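Based on these hints, arrange chain B on the given structure of chain R.
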Amino acid sequence: MTEAVAGSTIDVPREAPDARSRKRHRLSTRIWHWVNLWAVVVLFMSGLNISNAHPYLYWGQWGFAPEQAWLAVPRFPGWMTIPDYYSLSAARDWHFLAAWVFSLGLLAMWIAMLANRHFWQDLRTRPEEWRSKAIARDIVQHLKLNFDHGAGKYNFLQKLAYGLVLGVLLPGMILTGIAISPGMEPAFGWMVDLMGGRQSARSFHFLFAWGIFAFFVVHVLLVLLSGPIGQMRAMIFGGKEP
Amino acid sequence: MNDFGRTGRRGVLAGMSALFLSACSKVGETQAGKALLKGAQTWHKYANRAIAGREALVPEYPRSAISPFFRGNGSTDPQNGDYQQQAAAGFADWCLEVRGMVDRPMSLDMDQIRALPQRTQVTRHDCVEGWSAIGEWTGPQLSTILDAAGVREGAQFVVFRCADNLGGSDYYESVDMIDAYHPQTIVAHLLNGEPLPIRNGAPLRMRVEKHVGYKHAKYLTAIELVDTLDGIGDGGGGYWEDRAGYQWYAGM
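Residue numbers (numbering that gives the first Met the number 0), protein chains in the order written: chain R, 0 to 241; chain B, 0 to 251.
With the rest of the complex left out, here is chain R (with noise of 0.2 angstroms):
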């Protein structure tokens, strides 16, 4: 990577590296990433159940009718719910609870992710990443399964799935799933209207969250490709900084 830029600064963390630092991940990412998993699964899960209540989604403030809908849902099998047989009061309670760790987890993760610098230092993208021929390089890259970051911790397509996940994702599964709440209606009435209305907003959730599941497949298949053992250690661990 060329720093030839006048004026940039070249990221050289600028205390000495304690032991702390030398870990290829930080103990907040790693207790975020499980305590994160487990939220997420159950969430996912509970909502599939959820789903299954009313499997029509619609535009706008009102919708009640199949005729309505813009998607008639499958139904989802007992094998992908919890719980594994149809309950939305159970899958409600399921889905509260973990929606209060996702939350509040994700929340911990942000102020750490920004307190420590990780989002400043390892996530976020610098303009010659956004040129056409770096992009189109990196997707090379990965289509060879060339896993060879060079200097930085993360590459341009690893960035933008994490800064869309961490920062679009995520925050818009709790925003959007707030603005189905009835009790927080008049509070955040106006983002309701801002998302098109309560059925809109329902439709997001829905959607969001395929989004997520669509991320999780391909992290997950990523990690097996480039090493399950040593990324799976050193996301328990820490590992160390090549």
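Read the hints as simulated data drawn from the structure, not as lab findings. Check the hints yourself; a few may be wrong.
[Stated by the list, open to error] Below, in silico cross-link-like pairs of lysine to any residue (SDA-like), each with a Cα-Cα straight-line distance of 25 angstroms or less:
| id | chain 1 | residue 1 | chain 2 | residue 2 |
| --- | --- | --- | --- | --- |
| 1 | B | K25 | R | K22 |
| 2 | B | K33 | B | Y45 |
| 3 | B | K37 | R | Y85 |
| 4 | R | K22 | R | V41 |
| 5 | B | K37 | R | M231 |
| 6 | B | K37 | R | S88 |
| 7 | B | K25 | R | F236 |
| 8 | B | K37 | R | K239 |
| 9 | B | K33 | R | V40 |
| 10 | R | K239 | R | Y85 |
Remember, it's a predicted structure, so these values are computed and weren't measured experimentally.
Just chain B now, kept in the frame of chain R:
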């Protein structure tokens, strides 16, 4: 990929999911697990009230936003007791009883209810299952009726008694005093300017706008002030709460 590979992979996925699911249901069956799962609704109640405020109103819409039809759910045509007779007579003899921990128990007929100060609100109804409909509701605020009856000190909940019987149990619901006194909590007798249709709870139903649908008790016969929900139904505070474990605080 051949069929065996596909079934094999599906089998592994289903197996992993089964392990996770059985772990979840084990946790859900323990006392601590149940307390944790049920506790989340209380945190939601505090969060809702801390963030939105106790008296803050849900959005009200212009009449042009009213949806073309207002779906009925649960009981849509009660067959028990004398409901059908009352319906045939246009609910001329329908009475709303106010009882329990009040200084002046009373029985209001439909004319008396229509003579009270009225509130009209165009609001969105969100069913727990996920659908929504918008309607214009008219009726006296519950607070007007409660103040007329004189709520005694120590009353904690308002129980709504209903005429419909589903699967052998009478429908009932309850809210705490904060939601009972919310300005948009009304005893509705009109929908879109017309007497309530039977599928929407004729002749009287509750509107408790910050909650999902099952809180909005239909076919209302009595309002009962109590200090505890123990001994009312199975003690869960409502028909669906008792029968199927639904959340008593239904603001989410």
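Comparing the hints with the structure gives:
Our distance criterion of 25 angstroms between C-alpha atoms is broken by K25 of chain B and K22 of chain R, whose separation comes to about 36 angstroms. With a CA separation close to 19 angstroms, the supplied pair K33 of chain B and Y45 of chain B stays within the 25 angstroms bound. The straight-line distance between the Cα atoms of K37 of chain B and Y85 of chain R is roughly 18 angstroms, inside the 25 angstroms bound, and the hint therefore holds. With a CA separation close to 29 angstroms, the supplied pair K22 of chain R and V41 of chain R exceeds the 25 angstroms bound.
For the hint pairing K37 of chain B with M231 of chain R, the CA-to-CA distance comes to about 34 angstroms; that exceeds 25 angstroms, so the pair is violated. For the suggested pair K37 of chain B and S88 of chain R, the alpha carbons sit about 10 angstroms apart, so the restraint of at most 25 angstroms is met. Between K25 of chain B and F236 of chain R, the direct Cα distance comes to roughly 29 angstroms. Violation of the 25 angstroms bound is thereby established for this hinted pair. With a C-alpha separation of about 42 angstroms, the suggested pairing of K37 of chain B with K239 of chain R is violated against the 25 angstroms cut-off.
Between K33 of chain B and V40 of chain R, the direct Cα distance comes to roughly 19 angstroms. Compliance with the 25 angstroms bound is thereby established for this hinted pair. Distance hint between K239 of chain R and Y85 of chain R is unfulfilled; the C-alpha atoms sit about 45 angstroms from each other, more than 25 angstroms.
Of the numbered hints listed earlier, those contradicted by the structure are 1, 4, 5, 7, 8 and 10.
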